[in-house]
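Peer 1: Protein chains in written order, with the working numbering: chain S, 1 to 300; chain G, 1 to 370.
Bear in mind the hints are in silico, worked out from the structure with no lab data behind them.
Each hint should be verified, as a subset may be incorrect.
[What the hints assert, rightly or not] With a Cα cut of at most 30 Å, we get these calculated BS3-like pairs of lysine-lysine: (1) G:Lys277 to G:Lys29; (2) G:Lys142 to S:Lys89; (3) G:Lys142 to S:Lys184; (4) G:Lys370 to S:Lys38; (5) S:Lys94 to G:Lys332; (6) S:Lys94 to G:Lys142; (7) S:Lys119 to S:Lys184; (8) S:Lys94 to G:Lys29; (9) S:Lys183 to S:Lys166; (10) S:Lys38 to G:Lys287; (11) G:Lys287 to S:Lys184; (12) S:Lys119 to G:Lys142; (13) G:Lys29 to S:Lys166; (14) S:Lys184 to G:Lys166; (15) S:Lys38 to G:Lys277; (16) G:Lys288 to G:Lys332; (17) G:Lys321 to S:Lys94; (18) S:Lys183 to G:Lys296; (19) S:Lys89 to G:Lys277; (20) S:Lys298 to S:Lys163; (21) G:Lys277 to S:Lys94; (22) G:Lys321 to S:Lys38; (23) S:Lys183 to G:Lys142; (24) G:Lys166 to S:Lys94; (25) G:Lys288 to G:Lys370; (26) G:Lys333 to S:Lys119; (27) S:Lys38 to G:Lys166; (28) S:Lys184 to G:Lys321.
[What the hints assert, rightly or not] Computed spacing ranges between beta-carbons, pair by pair: (29) S:Ser86 to G:Lys333: 35 to 45 Å; (30) S:Leu152 to G:Ile159: 54 to 64 Å; (31) G:Phe152 to S:Ile79: 16 to 26 Å.
For every residue, glycine included, the Cβ atom is placed at its ideal position computed from N, Cα and C.
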Amino acid sequence: MNSILTLFHDYTFQTVALGSALLGMISGVLGSFAVLRKQSLLGDGISHSALPGVVMSFILLGSKNTEILLLGALISGLIATLFIISIVKHTRIKFDSALALVMSVFFGFGLVLLTYVQKIPNSNQAGLKRFIFGQASTILQRDIIIMSVCGLILFTLVLLFWKEFKLFTFDPDFAQSLGFSPKKLNILLSFMIVLAIIIGLQTVGVILMSAMLISPAVAARQWTNKLSVMVMLSALFGAISGIVGTSASSLIPKLPTGPSIVVCASTIVAFSILFAPSRGVLHRIYLHRKNRVLYRLKGD
Amino acid sequence: MSPQIEIQIIAVIVAIACALPGVFLVLKKMSMMSDSITHTILLGIVLAFFVVHNLSSPLLIAGAALIGLVTVWITETLRRTRLLSEDASIGVVFPLLFSIAIILITRYAGSVHLDTDSVLLGELAFAPFDRMIIGGVDIGAKAIYTAGILLFINLIAIITFFKELKVATFDPMLAAVLGFSPALLHYGLMTLVSLTTVGAFQAVGSVLVVAFMIGPPVTAYLLTDNLKNMLILSGAIGALNGILGYHVAAVLDVSIAGSIAVVIGLVFLIVFIFAPKRGLISSLFRKKYQKTEFAKATILFHISNYEYDNNSSEINIENIKTNLNWSSEFTKKIIKLLEHEKYLIVQNNMAKLSAEGLEAIIREGERLFK
Chain S
1 MNSILTLFHD YTFQTVALGS ALLGMISGVL GSFAVLRKQS LLGDGISHSA LPGVVMSFIL
61 LGSKNTEILL LGALISGLIA TLFIISIVKH TRIKFDSALA LVMSVFFGFG LVLLTYVQKI
121 PNSNQAGLKR FIFGQASTIL QRDIIIMSVC GLILFTLVLL FWKEFKLFTF DPDFAQSLGF
181 SPKKLNILLS FMIVLAIIIG LQTVGVILMS AMLISPAVAA RQWTNKLSVM VMLSALFGAI
241 SGIVGTSASS LIPKLPTGPS IVVCASTIVA FSILFAPSRG VLHRIYLHRK NRVLYRLKGD
Chain G
1 MSPQIEIQII AVIVAIACAL PGVFLVLKKM SMMSDSITHT ILLGIVLAFF VVHNLSSPLL
61 IAGAALIGLV TVWITETLRR TRLLSEDASI GVVFPLLFSI AIILITRYAG SVHLDTDSVL
121 LGELAFAPFD RMIIGGVDIG AKAIYTAGIL LFINLIAIIT FFKELKVATF DPMLAAVLGF
181 SPALLHYGLM TLVSLTTVGA FQAVGSVLVV AFMIGPPVTA YLLTDNLKNM LILSGAIGAL
241 NGILGYHVAA VLDVSIAGSI AVVIGLVFLI VFIFAPKRGL ISSLFRKKYQ KTEFAKATIL
301 FHISNYEYDN NSSEINIENI KTNLNWSSEF TKKIIKLLEH EKYLIVQNNM AKLSAEGLEA
361 IIREGERLFK
């Protein structure tokens, strides 16, 4: 108990926990929309697609400044998203195939650029790849400021366009018939998701970022049928996984932060799928049993 | 054999071997499953390593292939609860399994060279160093044989079960009615995917396996409507990409697998833009054509209704514009087209249906409302 108390007073822990919690909230909110629109794997796709942008901005500007690399990642993530949207729009190729193709090709391009950079003499390119694979325990105060600013922008946008996003997520045809442009809404929402992914990318890495986008939202979906409740629950689950995952990794030696956050979020998903009232698996089994008993009683 | 030739042979064989099962993944809308498997095989390798404590044991490959199937099974089980969609269940399962693998590595295998990088990012350029030596005789790079066996298994399986796979891919219900087990076929196919992924990642690295598996089939999908042609085309495109990519990499002196992935992307881009019938240009043309045809029919119907309602045989062009709420340019353009086709007679801004116009209306009406 004492060790937990000292832990919570530790400055590094506070920073990392605050960062993970913030990230969990941001990705929880945006993830709800991604999951409901059946585009939850966008997180995985975009975070891989960010690699060429990171390397490219390093080649062009020669700096390993976080903001510059993030900007590069953001731009290449956005380009990848536009490619995916236009492939899906103009051909019969489905979203998942377009995503898999664009993501792997972008990643391949990133590797090509990386091998190119490695040939430049004296270039300080080490750590570029680390940027993509992330390390949650290295969150600095500066990262938290970036996260808070981006998070604030994203939350404001979500609140401003709440009814449009809601309508567009559940019934894009109806949205169009009311005069909203589904094309613009799609691009805006996708760009917001990309921004959320990119700010998390450098701190927690590719794999964790896809989990952070999906798991809290999937868990929240089981407890409610209302979008507003789902978004708030999802943010809460994201924050909880961030804090619990960070604490666990600080208390147990040699437990990496990122993966332990994922395990925590997945546990919440498993719990929700099993125990959620009215939707959960156990409730369904109970209903099934009850119906069978009632049916038998009537049969007599 | 020179290493250059060997690398190209490996690239071609791996590309074809990946493209074949990839066709079915694309058609079954399960492309991202390949991405999922490429990540979770790390867990298989780690678990198998804890059992045998030997990094070069073939059991690691078996463990990896097995965990691929386990991934598919868990994902399917989650999806079947219908509490979450297909893509969300993929996205929940693979980060978890991957994270467990990372935790196991950092906690228990820190001292062993079991680096996530070496699994995630293979390098084709090193493949020729690993020789296949039988009875003291060097008979070529080991990767040629492993990739060759892989290709052989995929070819035999797909040729043997072609019609079953075809039915199960396009109409699982029909397959079930005809007595093929869709589940058995599904897991059979996933075994192929899992084996291919494991076999290919050593050569090209796991993220790029996705490019090899999905790229050529998606490209072929824009060119043909026939499953057999799609399989052959995917193989051919894959092989072409492999050779082209190798030469690009050789000229620029960069990562071979990476540049093959870039070539895959470029070839797709070209096909995406120029493909007859399904490409970007033809799609834009078709949309424009349909828009014009629809606008023409709209004007014809509008005039005919107007004449009927108002008992006049003519309508002012300005009226058409306001009634349909179109821009005046667009209206003028369509009316000019109709006049050119002799469906309309236009005099001092008044439009009138011609005999051909009336016929066209009847024809359209029959087509639309039959």
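Peer 1: Hint by hint, say whether it matches the structure.
Peer 2: Here is what the structure says about each hint:
{"no.": "1", "hint": "G:Lys277 to G:Lys29", "verdict": "22 Å, holds"}
{"no.": "2", "hint": "G:Lys142 to S:Lys89", "verdict": "43 Å, violated"}
{"no.": "3", "hint": "G:Lys142 to S:Lys184", "verdict": "52 Å, violated"}
{"no.": "4", "hint": "G:Lys370 to S:Lys38", "verdict": "37 Å, violated"}
{"no.": "5", "hint": "S:Lys94 to G:Lys332", "verdict": "38 Å, violated"}
{"no.": "6", "hint": "S:Lys94 to G:Lys142", "verdict": "37 Å, violated"}
{"no.": "7", "hint": "S:Lys119 to S:Lys184", "verdict": "42 Å, violated"}
{"no.": "8", "hint": "S:Lys94 to G:Lys29", "verdict": "7 Å, holds"}
{"no.": "9", "hint": "S:Lys183 to S:Lys166", "verdict": "15 Å, holds"}
{"no.": "10", "hint": "S:Lys38 to G:Lys287", "verdict": "27 Å, holds"}
{"no.": "11", "hint": "G:Lys287 to S:Lys184", "verdict": "19 Å, holds"}
{"no.": "12", "hint": "S:Lys119 to G:Lys142", "verdict": "29 Å, holds"}
{"no.": "13", "hint": "G:Lys29 to S:Lys166", "verdict": "26 Å, holds"}
{"no.": "14", "hint": "S:Lys184 to G:Lys166", "verdict": "38 Å, violated"}
{"no.": "15", "hint": "S:Lys38 to G:Lys277", "verdict": "28 Å, holds"}
{"no.": "16", "hint": "G:Lys288 to G:Lys332", "verdict": "16 Å, holds"}
{"no.": "17", "hint": "G:Lys321 to S:Lys94", "verdict": "39 Å, violated"}
{"no.": "18", "hint": "S:Lys183 to G:Lys296", "verdict": "26 Å, holds"}
{"no.": "19", "hint": "S:Lys89 to G:Lys277", "verdict": "15 Å, holds"}
{"no.": "20", "hint": "S:Lys298 to S:Lys163", "verdict": "47 Å, violated"}
{"no.": "21", "hint": "G:Lys277 to S:Lys94", "verdict": "17 Å, holds"}
{"no.": "22", "hint": "G:Lys321 to S:Lys38", "verdict": "41 Å, violated"}
{"no.": "23", "hint": "S:Lys183 to G:Lys142", "verdict": "50 Å, violated"}
{"no.": "24", "hint": "G:Lys166 to S:Lys94", "verdict": "19 Å, holds"}
{"no.": "25", "hint": "G:Lys288 to G:Lys370", "verdict": "25 Å, holds"}
{"no.": "26", "hint": "G:Lys333 to S:Lys119", "verdict": "58 Å, violated"}
{"no.": "27", "hint": "S:Lys38 to G:Lys166", "verdict": "26 Å, holds"}
{"no.": "28", "hint": "S:Lys184 to G:Lys321", "verdict": "28 Å, holds"}
{"no.": "29", "hint": "S:Ser86 to G:Lys333: 35 to 45 Å", "verdict": "27 Å, violated"}
{"no.": "30", "hint": "S:Leu152 to G:Ile159: 54 to 64 Å", "verdict": "58 Å, holds"}
{"no.": "31", "hint": "G:Phe152 to S:Ile79: 16 to 26 Å", "verdict": "39 Å, violated"}
Checked against the numbered hints listed earlier, the structure breaks hints 2, 3, 4, 5, 6, 7, 14, 17, 20, 22, 23, 26, 29 and 31; every other hint is satisfied.
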